[in-house]
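Undergrad: Residue-level listing of the chains:
Protein chains: 2
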Amino acid sequence: MTESKLENPEISDDAYLLNAAHVADILDAVQNGQLSPLEALLEPLHPADIADLLEQISAGEREALLTLLGDRLDGDVLSELSDSLREEVLDFLPNDVLTIAVRELETDDVVDLIEDLEEAQQGLVLGALEDADRVAVEQALLYPEETAGRLMQRKLVMAPTHWTVGQTIDYMRDQDDLPEQFYDVIVVDPRLRPVGKAPLGRIMASRRDTALSEIMEDDFRTIPALQSEEDVAYAFNQYHMVSAPVVDANDRLVGVITIDDAMVVLDESAEEDIKRLAGLGDESLTDRVISTTRRRFPWLAVNLVTSILASLVIAQFSSTIEAIVALAVLMPIVASMGGNAGTQSLTVAVRAIATKDLTGSNVWRVIRRETLVGLANGILFAILIGVIGTFWFGDAWLGVVLAMAMILNLLVAGVAGVLIPIWLEKLGIDPALASGAFVTTVTDVVGFFAFLGLAALLLL
Amino acid sequence: MTESKLENPEISDDAYLLNAAHVADILDAVQNGQLSPLEALLEPLHPADIADLLEQISAGEREALLTLLGDRLDGDVLSELSDSLREEVLDFLPNDVLTIAVRELETDDVVDLIEDLEEAQQGLVLGALEDADRVAVEQALLYPEETAGRLMQRKLVMAPTHWTVGQTIDYMRDQDDLPEQFYDVIVVDPRLRPVGKAPLGRIMASRRDTALSEIMEDDFRTIPALQSEEDVAYAFNQYHMVSAPVVDANDRLVGVITIDDAMVVLDESAEEDIKRLAGLGDESLTDRVISTTRRRFPWLAVNLVTSILASLVIAQFSSTIEAIVALAVLMPIVASMGGNAGTQSLTVAVRAIATKDLTGSNVWRVIRRETLVGLANGILFAILIGVIGTFWFGDAWLGVVLAMAMILNLLVAGVAGVLIPIWLEKLGIDPALASGAFVTTVTDVVGFFAFLGLAALLLL
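From first to last, the protein sequence lines stand for chains A and B. So for the first sequence, our numbering puts the first residue at 1; every next one is plus one. So for the second sequence, our numbering puts the first residue at 461; every next one is plus one.
To be clear, the hints were calculated from the coordinates, so they are not data collected in a lab. Since the model is a prediction, treat every value here as computed from it, not as a measurement. Mixed in with the good hints there might be a few duds.
[To be verified] Computed footprint of chain B on chain A, listed as stretches where at least three residues anywhere in the stretch have a Cβ under 8 Å from a Cβ of chain B:
{"#": "1", "segment": "235 to 247"}
{"#": "2", "segment": "356 to 366"}
{"#": "3", "segment": "377 to 388"}
The C-beta atom is built at its ideal place from N, Cα and C for all residues, glycine as well.
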């Protein structure tokens, strides 16, 4: 299997080359110190696969592999590594290996590589670059983090409005430093302001004497260099853009962003939302035990406070529970159902805010819907739990208390699940990060208070 | 503000044109039945924005707007609508409006538009197409759902290996039916098997007499037509691909997939995982109250069973709780902490499985890490809650019981959080969908059992 994959990587049915058998073969070669089998095994892999490989093996195996590979390490592998592993690998690489690896990279990849590094490591990488590249990277780093200016590439193809297709083609044939990938020629006025975009396919399909201005698209979006990268990714996704010129405050062309960069940002920000909703920090699978423990601690600490608050509510009803111990048995049900319904509601709201689907125009409609859905499911589950409670403990009034508490808590869960994210967003707090704690507090407190309070009123 | 945005949509600082004021203006025009102001307000909007607009307004406003707009509705708006709203709009549109709208679309957009529709509506749209387009759409529909064959476009530019740059350019100049967007010429052998990809930029930068075979990339991936669309999206993201030829079982070229299609799939599958992790079905913000209630019911029903299981555990300890009512006050804390730690763990595992980062090569390392993180946070929170419990109720043994139960439950949460998703994946069940219920059951049962059981042993 491995051999046929090596010969024909592109026609494998599996989208992914790096299977466990392949990894085992690579580790065998490393253990035996065999460089040429190692190189043969790495050859069909994309730098992203090699980065995945490094992430999947142990720290010791990683060092052995990198030592054996030496300056044959592809610089692109560094770009593909997760942040925490990249720092480890950079610390380990000898200076000459680093220099060779980094000089292979495009400057926008270098920016991406170093922007999250500590200053000492940044200096190390910058020092390894040629002068012209170093200046380009340093200029990109002047833009604030997570903006279009950091994301864009500076190398691009532009043409003045008066050029013809023939002139444009001749110009490109004369250039020996064209960008590796580009899809449009950006047409600019004498002040370097973009006035149109001529797709390559359209240029090639036109006669040499056609004016660029005739075939260019003038209905296109430019991106301000200071726009946040999440907004950039949003625009690419929403408007099906493939590339867009980036402009400075004076509308002058300073770079270009292509869809592959936007795809990376979009992927990262969905990943970030998933993690934040689960109370995870910015962790990756390669983080060590200590740093993972530290990253997960704060969310658990918040939850500890939340659950102590719930306990304080329960403590108010100690004498009620002492009188009817069935209440202690049943009380987690209402709170837990509220927590789940609240999570459903808040996840819808958090994602709708992130995808700009929840706006001033429909906020009341969404709140109304969540309220009604909470009420409807509240009634359905009230009937279910009311019957169960009645028969379990042979007490119809206990069933009634359960049912009333259930309706109230699912209703509150629906409302809180949508209001809290909206309110956090208005305060400038990331709703994905903080909504869960608030909503669970509300549903726990209301769940226990409603159930035990109604029991104290109706059952004692 | 609205007016300046209308004049210069492309230089707005905001990535998004559709603000509340703009929506209000549009609804004003609709209410007054003014067609030309409506058209002027819609003109700067992208079809995706108009779809968002339709999603944000009420059903009544939607009907009024569509009636006023009539056959001026852009067909692309239909492609951009969410599934549930698309069905509503298609039911409402008169046949002649539908015909005009659908005939504007590229065939791959029509496939995307109709694949989730009911048969009657599918027939309606197919009937509106011209014969040649209808055949193309019907052929695409022969591929199974969610495969590369459904995602690809059939219109592409290919060239035989012996062609020169000049011949390729002349061929394109003669064609009047080139794809709207394409980035490569696919070079094929006489049996139509792709042997290389020549990027347009590289063709344009080469002299006319250069052979295509000299400048083409021969290191590229082809995508089997039956590959799942999630694997396609994964490959585009992992390997930074921009376009890729799709081949049939005989390796013959049948279509091409571009990065913008892959971006849509990637976005949708992340969104799906977020929703499934929160116990949400395939719902959208425009679903009605009844269908939303119905979609959320099953997850809440599963949670009801889970929490009744937990109650059954508590019921075993009724006499213990009767003796020490403080146990009822404190018992939700341990269960809740376990639930949260388990959610952290399972989210990491579910995402690592989805991004193919959790494999046979590192599964034991990840299990070991989650176990140790669970143990470490267990010890930290055991100390905290042990001290709190001791002082709150003035009973050191109660603190010891809390602490021991906390360590045990967070340890179990870490292990279950990673083992359960792996085990579900092996059984062919989507781990994003089902892990939450299983992990919470485990942490609830263990949490209550450990705390109350230890209390029965040590405190009575």
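Undergrad: With reference to the structure, classify each hint as holding or not holding.
TA: Right, here's what the structure says about each hint:
no., hint, verdict
1, 235 to 247, "holds (count 8)"
2, 356 to 366, "holds (count 9)"
3, 377 to 388, "holds (count 6)"
Of the numbered hints listed earlier, not one is contradicted by the structure.
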